[in-house]
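Novice: Spelled out, the chains give:
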Amino acid sequence: MSKEFTSESHLKAYNLSGSRSGQIVFSNISFTIREGQCLKIIGPNGSGKSTLLSILAGLIKPHSGNISRSPIETNSIRYSGHKSGLKDALTIKENINFWRKIYGCNSDSVEEVTTNLSLQNVLNTYTGLLSAGVKKRASLAIVTIGHAPIWILDEPYASLDKENIKLLDGLINIHLNKGGIVAFSSHQESQLPITTSIDMHQYTV
Amino acid sequence: MNAILTIINRDLRISFLHRADSLLVAGFFVITVMLFPFGIGPEPGLLERVGAGIIWVTALLATLLSLNHLFSEDERDGTLELLLTSPVEIYSIVIAKTLSHWLTSGLPLIILSPLLVAALQMPSNTILPMIIGLLLGTPTLSMIGIVGSTLTLNARLRGILMPLIILPLYIPILIFGVGCVDVESMNFSSDRLYMVLLGFLIISFTLCPWAASTALKMSFE
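Top line first, the protein sequences correspond to chains L and C. When you line the first sequence up against this note's numbering, it's residues 1 to 205, in that order. When you line the second sequence up against this note's numbering, it's residues 206 to 426, in that order.
Derived from the structure by calculation, the hints contain no laboratory data. Treat the hints with care, since some could be wrong.
What the hints assert, rightly or not - Selected chain C positions facing chain L (in silico; Cβ < 8 angstroms):
| hint | residue |
| --- | --- |
| 1 | Leu222 |
| 2 | Ser291 |
| 3 | Arg397 |
Each residue gets a CB set at the ideal place from its N, CA and C atoms; glycine is no exception.
Chain C on its own, in the form it takes in the complex (with noise of 0.2 angstroms):
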């Protein structure tokens, strides 16, 4: 457990130093969900209608972008090496990086989420499903995202290829989240996709470290 938060503390106050790249994420959440206005046109009733999966597909996507040097510093440095060759489980290494990822990525995009939803027109009763259908979600992309950046460590075409294997998994997860907002702003509870989506976390958490580590290992071999 030490070693976990070492290694948060560590990515974390990288992050705060390098807060230019940190904000890049947000940024590009932010900017791209404003684009769809001026693409689709301010019609009140249809951003209504597609603004949750607008401020969804973005998160996804915003996700994405982070997942790029997720291991890839670290294997750049020689950290990524000495951790390996340290007591530190590479289960807990996995664990600690996707806690990490998601303090830095998942976590700003549920605290942009009200502002966006605000922006997009949609009604007031769809924000705190937003928040927590992506406070649920976001892990989940992290801990299949994990698993992508680890197979694709040191794959030639990564930038390609990460995108490939991700997207794909992130559809249900879009799905549910969307969901959530859909059936609240129909005055319906949403509890049963809350319960989904939890669900795919529980899921994800038993199974993405232990493949992220095996290919972690595999990617050294």
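Bound-form chain L, shown alone (with noise of 0.2 angstroms):
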């Protein structure tokens, strides 16, 4: 499969620390992932994974250390946090419809985006009446739009069945031949290629 993204991407930390509600969670954590790679953040509640992710996406400032990543500009970067980011008075076509538009996506139709992840029946339905596990298809289907070369997510996992974990995985597989960066937290055993794993509780304060 030819490579999509540039053969420069990378997201690197150094000596990160992340600080939630003026404490600080955790310390010193570095790691370096490019082009291709995926990282796994693991760890108990509370130890500091969605706190982590939240700064790599650029979300919130570390409370120490840096973060580098290639490319730089701020349309590279997609992130799927706990919540969904969609309306529930909206359908899930204008919803997607939504954030296309913010991204400055014009390229993907709707139709392009949500079939990957099997939302075709449900385009036409208001988000409020669907269940988690769809709400969750439609946000992982977010993160596709505009193919950013770095995926920032956390706990992609939540609310999907056997049948759907097997189809994000082979999203984020077909990302990743084509040279994009994945980094997401999950406390399930995954299939995908990790490159790098991150047990946060080897870094919790």
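Starting from two chains that each stand alone, build the complex the way the hints lay out.
Specialist: Written as structure tokens, this is what we have:
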């Protein structure tokens, strides 16, 4: 499969420490992941996995330490957190369309974005009427908009059944094979090719 | 600019789908103003004297009512997180939300104001200064309101804290907004008072989006 992303894609952290509500939750995390590589973050609840991913996504600043990423454009990252990023009052199609416009991506249609996650049958359904699993798939569809090289995923498997976990793993593998980078947290065993694993237990303050 | 229009479009669409919620603000405005004649008596001279103040204070309170869910809904469903990690500038997000708020809260108040001027038996020459005053003043109320909304986004007693922060800042707009109507009712020109309201609008447009953007960033720290 041909590489879609630049061969210089990377995500680096050096002596990173993160805080939540003024309290330092982890310190001295360092790693480097490059194109085609996958970082998995594991650890007990409250160990700072979401805080670390929020820092990598640029949502919050680290307490100390440095992050470097390439490409540096803000449109090079897609983030999926615990919350869906979807409006219950809108249909799946309207929600995806909104994010297409926000990310400035007119090349992929809503149908193309949602087909990969088997959402064709619920495009015109109001999001508030859908199950947690379908909402999760829709929020992961947002991540695929515009083919950004870096994906930051917080508990992407939450609410997904086995079949949809395989679907997601397939998407992530395609993304990695194109030279993309993925950093994700999960309590579950993963079939993905994990390049680097961070156990937050070792860095928790 | 595209992002601003996209956010406004989405918020207006949601507001249309949740029409009942949007009508609550307008309903509150109308019902509260209409309570005053019952409370203070229908004496025409009295209502005429305090009518502008009644309408303006109620407009302030109606604006405050609609500020509660301005960012909290987006924070609750994760839309705010995704917007803050998107290529859209925080400043643009704040501008878009302010405009959405004004279109769904301030504009209906302006449209309803002539009816309320008539209901409070105010002179007909006060309708236009009421409309112009609210047209200049309500965007400023939204601008200031958005600062209060972002400052208190994760605060425990948000419902009490936000009015405490915002209401004192609303006082100058209230004074000059009421002043426009009172001056015109005495057959003097309120052009200078309009200029003051315009000045407040320009100052708030310059400072408030910056302050709200900073507060929004800090709310995630």
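Novice: Please list, smallest to largest, the hint numbers that this structure does not respect.
Specialist: Per hint list: single violation, 3.
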